[in-house]
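A.B. asks: For reference, the chains in residue letters:
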Amino acid sequence: MYQLELHSVLSVAALLFCIGLYGVLTRRNSIAMLMGLELMFNAVNINLVAFAHFLPHLDGIILAMFGLAVAAAESAIGIAIILSIYRNFRHIDTDGINELKG
Amino acid sequence: MPFSMDIYAWDSFPIDTLLFWCFAAVMLISGLCVVTVKRVFHAGIAMIVCFVCAAGIYALLGCPFMAALQLLVYVGAIATMLLFAVMLTDKMMEPRPNTTFFQPFMGLFASVLLFGLLWLTVSSSKFGFAGWANSTAASSSAIDITSLSTTNIGLRLLTPYAVPFELISVIILATLIAAIALARKEDRSPADSGTPADAPASPAEPASTPAKE
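Chain order of the listed sequences is A and B.
Going by the numbering used here, the first residue of the first sequence is number 1, and it counts up by one from there.
Going by the numbering used here, the first residue of the second sequence is number 1, and it counts up by one from there.
Source of the hints: derived by calculation from the structure; they are not laboratory data.
Careful: at least some of the hints might be erroneous.
[What the hints assert, rightly or not] Stretch-level coverage of chain B by chain A, calculated; a stretch enters the list once three of its residues show a Cβ under 8 Å from a Cβ in chain A:
| hint | stretch |
| --- | --- |
| 1 | 22-28 |
| 2 | 31-43 |
| 3 | 48-58 |
| 4 | 61-74 |
| 5 | 106-112 |
| 6 | 115-121 |
| 7 | 150-161 |
We put the CB at the ideal spot given by N, CA and C, even for glycine.
Next comes chain A alone, as it looks inside the complex (with noise of 0.2 Å):
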């Protein structure tokens, strides 16, 4: 009765993913932008791991290691932009970077 169950560690998931969905629509700051979106990264593979576990099928977790060094990658590319965009405007605000010729 007290068993860990697929649907609440998927219930867990998405709330995760809500809330990071909620960061990144409401933040104005580019690096708390990418927080939130690391945030959804990570409910993504909770999801993966969890159907591993309880299929069982060892696939999800191998699916989840390319999403997370995919993830790296796509940090490291978000982070190098920001601090271009940081030497150009001085300032990462969504808001008030809006010319793409600098």
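Once you've looked at the hints, dock chain B against the given chain A.
C.D. replies: Chain B only, in chain A's frame:
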């Protein structure tokens, strides 16, 4: 013997479920801190707590390798990188009004709507996949794919998934080069003909850009 009864009682105690809910509660609370705290540096610290709790959930779900990977990549690399970016860019301890007036309500509306949709989907679906993996395991290779051990992960990653594995390493190499090329300072050698006053003038000139609007 009453002592053995105690052992039986502890044996049936659902310690992993309890631990899961503790980790989930701390993870969700720190996630809320990440998206609501005014100072971005504090949000980064809360994000580290959130990642560590996610690693605990991975370990509870029977995959300690994924937990170690989470600690290494997210806590060790991504969170450190984000905190360094905060320290390099913003005046980090200065709270900023984060949005316009209506934007939090619209974001709240969108995320609550999405959560309602996901909750309806999750609670109304019955995941009946008893024996599903065993039926697919027969057609697969010699690896026992129903066991999530680290040995099996390595074998699976390097026999059927060897090509995606190598492609991921190419992606990471491209990311490395691109991140260095993007974040590097501009090479001033073509602009050497300009006056030395060019360098202090360049921060002042874009600083007037947000005031222009």
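A.B. asks: The structure should be examined with respect to each hint, and the outcome stated for every one.
C.D. replies: Outcome of the hint check:
1. With 3 residues having a Cβ less than 8 Å from any Cβ of chain A, the stretch 22-28 of chain B passes the three-residue criterion, so the hint holds.
2. Only residues whose C-beta sits within less than 8 Å of a C-beta in chain A count toward coverage, and the stretch 31-43 of chain B has 6 of them, enough to reach three; the restraint holds.
3. With a cut-off of 8 Å between beta carbons, the stretch 48-58 of chain B has 5 residues touching chain A; three or more are needed, and the interface restraint holds.
4. Restraint check on the stretch 61-74 of chain B versus chain A: 9 residues with Cβ-Cβ distances below 8 Å, three needed, restraint holds.
5. Under the rule that three or more residues need a Cβ within less than 8 Å of chain A, the assignment of the stretch 106-112 of chain B holds, with 6 such residues.
6. Here's how the stretch 115-121 of chain B fares: 3 of its residues keep a CB closer than 8 Å to some CB of chain A, so the rule of at least three is met and the hint holds.
7. Check on the stretch 150-161 of chain B: 5 of its residues sit with their Cβ under 8 Å from a Cβ of chain A, so the three-residue criterion for coverage holds.
Checked against the numbered hints given earlier, this structure breaks none of them.
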